[in-house]
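Colleague: Each protein sequence line maps, in turn, to chains A and B.
Quick note on numbering: the first sequence equals residues 1 to 264 in our numbering.
Quick note on numbering: the second sequence equals residues 265 to 571 in our numbering.
Everything labelled a hint here was simulated from the structure, so no lab data went into it.
Everything numeric in this text was worked out from a predicted model, so none of it was measured.
Errors might be hidden in some of the hints.
As the list claims (entries may be wrong) - Restricting the straight-line Cα-Cα distance to at most 27 Å, the calculated cross-link-like pairs of lysine-lysine (DSS-like) are: (1) K20(A) x K3(A); (2) K147(A) x K124(A); (3) K246(A) x K199(A); (4) K20(A) x K550(B); (5) K348(B) x K147(A); (6) K147(A) x K420(B); (7) K348(B) x K124(A); (8) K77(A) x K384(B); (9) K350(B) x K145(A); (10) K348(B) x K77(A); (11) K246(A) x K20(A).
To be verified - Computed footprint of chain A on chain B; a stretch qualifies when at least three of its residues, placed anywhere within it, have a C-beta under 8 Å from a C-beta of chain A: (12) 332-346; (13) 435-441; (14) 468-479.
Stated by the list, open to error - Label-pair restraints from in silico Cβ distances: (15) T498(B) x K185(A): 48 to 54 Å; (16) N566(B) x R128(A): 38 to 44 Å; (17) A542(B) x G32(A): 55 to 61 Å; (18) L381(B) x K77(A): 41 to 47 Å; (19) K111(A) x I506(B): 42 to 48 Å; (20) K199(A) x A542(B): 57 to 63 Å; (21) L355(B) x E198(A): 54 to 60 Å; (22) R128(A) x N269(B): 53 to 59 Å; (23) T498(B) x E238(A): 54 to 60 Å; (24) E551(B) x K193(A): 54 to 60 Å; (25) R128(A) x A494(B): 51 to 57 Å; (26) G110(A) x R559(B): 44 to 50 Å.
Virtual Cβ for every residue (Gly too), placed ideally from N, Cα, C.
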Amino acid sequence: MLKINMISKTFDRGSVNEKKALHQVSLSLDEGEFVTVIGGNGAGKSTLLNCISGVHPVDEGSIILDGTDITFSPEYKRSRLIGRVFQNPLLGTAFDMTIAENLAIAWARGKPHGLSPGITRPDKALFREQLALLGLDLEERINQKVKLLSGGQRQALTLLMATMGRPKLLLLDEHTASLDPAIAKKVLHLTRKFVSEEKLTTIMITHNMKAALEYGSRTIMMHEGQIILDLSGEERAEMTVERLVKYFESRSGVQLENDRLLLS
Amino acid sequence: MTLMNLATVLSSVELGVIYAIMSLGVFISFRTLNMPDLTVDGSFVLGAAVSAVLCTAGRPLAGIILALAAGALAGSVTALLHTKLKIQPILSGILTMLALYSINLKVMGNRANIPLLNQKTIFNLPEWMPGPDYAALIISLLLLFTVMILLYFFLKTKIGLVLRATGDNEQMVRALGVSTDLTKLIGLALANALVALSGALIAQYQSFADVGMGIGMVIIGLASVIIGEAIFGTSNLLRRLIAVILGSIVYRLAIAFALELGMPPTDLKLISAVIVCAALSMPTIKEQLSLLQQRYTAAVNNRGRPL
Ligand SMILES: Nc1ncnc2c1ncn2[C@@H]1O[C@H](COP(=O)(O)OP(=O)(O)OP(=O)(O)O)[C@@H](O)[C@H]1O
Ligand SMILES: [Mg+2]
Chain A
1 MLKINMISKT
11 FDRGSVNEKK
21 ALHQVSLSLD
31 EGEFVTVIGG
41 NGAGKSTLLN
51 CISGVHPVDE
61 GSIILDGTDI
71 TFSPEYKRSR
81 LIGRVFQNPL
91 LGTAFDMTIA
101 ENLAIAWARG
111 KPHGLSPGIT
121 RPDKALFREQ
131 LALLGLDLEE
141 RINQKVKLLS
151 GGQRQALTLL
161 MATMGRPKLL
171 LLDEHTASLD
181 PAIAKKVLHL
191 TRKFVSEEKL
201 TTIMITHNMK
211 AALEYGSRTI
221 MMHEGQIILD
231 LSGEERAEMT
241 VERLVKYFES
251 RSGVQLENDR
261 LLLS
Chain B
265 MTLMNLATVL
275 SSVELGVIYA
285 IMSLGVFISF
295 RTLNMPDLTV
305 DGSFVLGAAV
315 SAVLCTAGRP
325 LAGIILALAA
335 GALAGSVTAL
345 LHTKLKIQPI
355 LSGILTMLAL
365 YSINLKVMGN
375 RANIPLLNQK
385 TIFNLPEWMP
395 GPDYAALIIS
405 LLLLFTVMIL
415 LYFFLKTKIG
425 LVLRATGDNE
435 QMVRALGVST
445 DLTKLIGLAL
455 ANALVALSGA
465 LIAQYQSFAD
475 VGMGIGMVII
485 GLASVIIGEA
495 IFGTSNLLRR
505 LIAVILGSIV
515 YRLAIAFALE
525 LGMPPTDLKL
535 ISAVIVCAAL
545 SMPTIKEQLS
555 LLQQRYTAAV
565 NNRGRPL
């Protein structure tokens, strides 16, 4: 489904701030595969996702999604195939518009945006149905503005918007990191539910090693712009958080006592 | 009560109604797209110039329609400067406005103004009008109403929704597969088409076009938007549009009142600037006042020294 070939990305090339964020990274995902990504601060996790989604152009290498070479296509065009949820709950929705209007924009993704009505009656019924899946009673508040929602509610709504219409690829960049533990858990459960029900090919960045092993079917670890560990199958089933942390420390030379990597 | 005579009120309302179309344009760029578009001062005159030139050729209606197109073109230039050449929005608008000054003069045949006395205009075209007294008001109200309804429905279409979302959250719009370069282009073209339409109508209403008639137009539009929001609220889209229109009328009435009280007309722009300044600084002033109050109460409660 997704094939990344030897991509590299250097920021501010040629300046004193030159920063090599990705170094010849290759990664292949089968259809329906759910990969979790871990790694320390500045490891290049977000950059990897941003290169896939087209926020940053890559310096070299290629990205093939569902048989199409998207290496050079602009961000908004790739977004027709890719659903995204960001860490910041403010980034996923238009705050001064209603829940229904936000969903309508997501629902129209990849379809021509003509002068037809933004929301029809059947649309609204569909949106209510979909919102009910979140179990947050948002279906009762469909005509309220998004700015009235809490961060967790917004993130759940963004998740719904990102997965509507079954994107070829779902990219989640620490989408629960800024939420209270209880609601974070709820959003993670919803993520698992949507991903498994729709068999979405997914990459999820997390700082929570426990979640990284618990969710999905494969875990990769990044360090200094490279993938240093790629776990799946039995090897992954036998992996524990402690051993993962040890491995990380031995490879990176960074001690992780009390780091947020361990916190759940 | 002779604060203002009826004729003054009537002409203020007429002006308010025609300028309301311009204010709706400003509403689209400043509020819907969240972009400070200064093209307005130039595109207003562009509309007036096109309209006046075609009036002198005996084609007032064609003047109105071409003015719309010319305004859309001006807005597109600003949008392209910003999205394709990555020039800051405010500077893009200023550049287009500056260029338009020369272009407007060219359109007007290198004259600084075009009088339209004794020319056919859309305000004296129809002979079926009840009384000539109200003809201008009725025609401009009809036009304004049409513009408002079309705009309302447009902002509720699929493309209208992404336009509004662009002002809220560009990142989200791109993440949902829509080019924000395109939405900004459409938005600014539409906004300036409305501004030019308003200029075209004003030229025919006042029977002249002047190359300097657009100075400070964007501030007048913004004042109308802000006054409307403050008095009539922002709870939903229809209400917001109506508020802009009423804001424009209130603004004209206030100006007429000030003139009646003896304010020299040359002070108009100063007053407009002060109104917008006051409205824009209102949140900050409120905050400072409540802070002062808190400090005062705290000081009193502590029986302490005032800070
Ligand atoms: N837009 C940018 N401009 C310049 N440098 C950047 C930019 N984005 C990321 N970087 C740099 O690239 C490196 C990788 O950053 P990235 O955001 O991918 O890390 P990360 O693994 O997501 O880290 P975190 O866990 O902190 O989110 C960092 O050194 C960062 O400073
Ligand atoms: Mg990151």
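Colleague: Please go over all the hints and tell whether each is borne out by the structure.
Modeller: Okay, the hints, checked on the actual structure:
Note on K20(A) and K3(A): the hinted pairing holds, with a Cα-Cα distance of about 21 Å set against a maximum of 27 Å. For a cut-off of 27 Å, the pair hint linking K147(A) to K124(A) stands: about 20 Å separates their Cα positions. Between K246(A) and K199(A), the direct Cα distance comes to roughly 32 Å. Violation of the 27 Å bound is thereby established for this hinted pair. The hinted pair formed by K20(A) and K550(B) fails the criterion: a straight-line CA distance of about 48 Å is larger than 27 Å.
At roughly 31 Å between alpha-carbon atoms, K348(B) and K147(A) are farther apart than 27 Å, so this suggested pair is violated. Note on K147(A) and K420(B): the hinted pairing holds, with a Cα-Cα distance of about 19 Å set against a maximum of 27 Å. Restraint check for K348(B) and K124(A): the C-alpha separation of about 36 Å exceeds 27 Å, so the hint is violated. Distance restraint check for K77(A) and K384(B): the Cα-Cα separation of roughly 50 Å exceeds the 27 Å cut-off, and the hinted pair is therefore not satisfied.
Simply put, K350(B) and K145(A) have alpha-carbon atoms about 32 Å apart, too far for the 27 Å limit, and the pair is violated. Of the supplied pair hints, the one linking K348(B) and K77(A) holds, its CA atoms being roughly 17 Å apart against a limit of 27 Å. Under the criterion of a C-alpha separation no larger than 27 Å, the hint pairing K246(A) with K20(A) is consistent with the structure, at around 25 Å. Coverage of the stretch 332-346 of chain B by chain A is violated in this model, with 0 residues showing a Cβ closer than 8 Å to a Cβ of that chain against a need of three.
For the stretch 435-441 of chain B, the stated coverage by chain A is satisfied: 7 residues place a CB nearer than 8 Å to a CB of that chain, which reaches the threshold of 3. For the stretch 468-479 of chain B, the stated coverage by chain A is not satisfied: 0 residues place a CB nearer than 8 Å to a CB of that chain, which falls below the threshold of 3. Distance hint for T498(B) and K185(A): a CB-CB separation of about 37 Å, inconsistent with the stated range 48 to 54 Å. At about 54 Å, the CB distance of N566(B) to R128(A) disagrees with the hint of 38 to 44 Å.
Checked against the hint of 55 to 61 Å, the C-beta distance between A542(B) and G32(A) comes to roughly 60 Å, which is consistent with it. At about 55 Å, the beta-carbon gap between L381(B) and K77(A) misses the expected band of 41 to 47 Å. The hint said 42 to 48 Å for the Cβ distance between K111(A) and I506(B), and at roughly 32 Å that hint is violated. Checked against the hint of 57 to 63 Å, the C-beta distance between K199(A) and A542(B) comes to roughly 58 Å, which is consistent with it.
Between L355(B) and E198(A) the Cβ separation comes to about 45 Å, which falls outside the hinted range of 54 to 60 Å. At about 56 Å, the beta-carbon gap between R128(A) and N269(B) stays in the expected band of 53 to 59 Å. For T498(B) paired with E238(A), a C-beta distance near 58 Å keeps the hint of 54 to 60 Å intact. Take E551(B) and K193(A): their Cβ atoms lie about 44 Å apart, and the range 54 to 60 Å is violated.
In this structure, R128(A) and A494(B) break the distance hint of 51 to 57 Å, their C-beta atoms being roughly 35 Å apart. A hinted range of 44 to 50 Å for the beta carbons of G110(A) and R559(B) is inconsistent with their spacing of about 55 Å.
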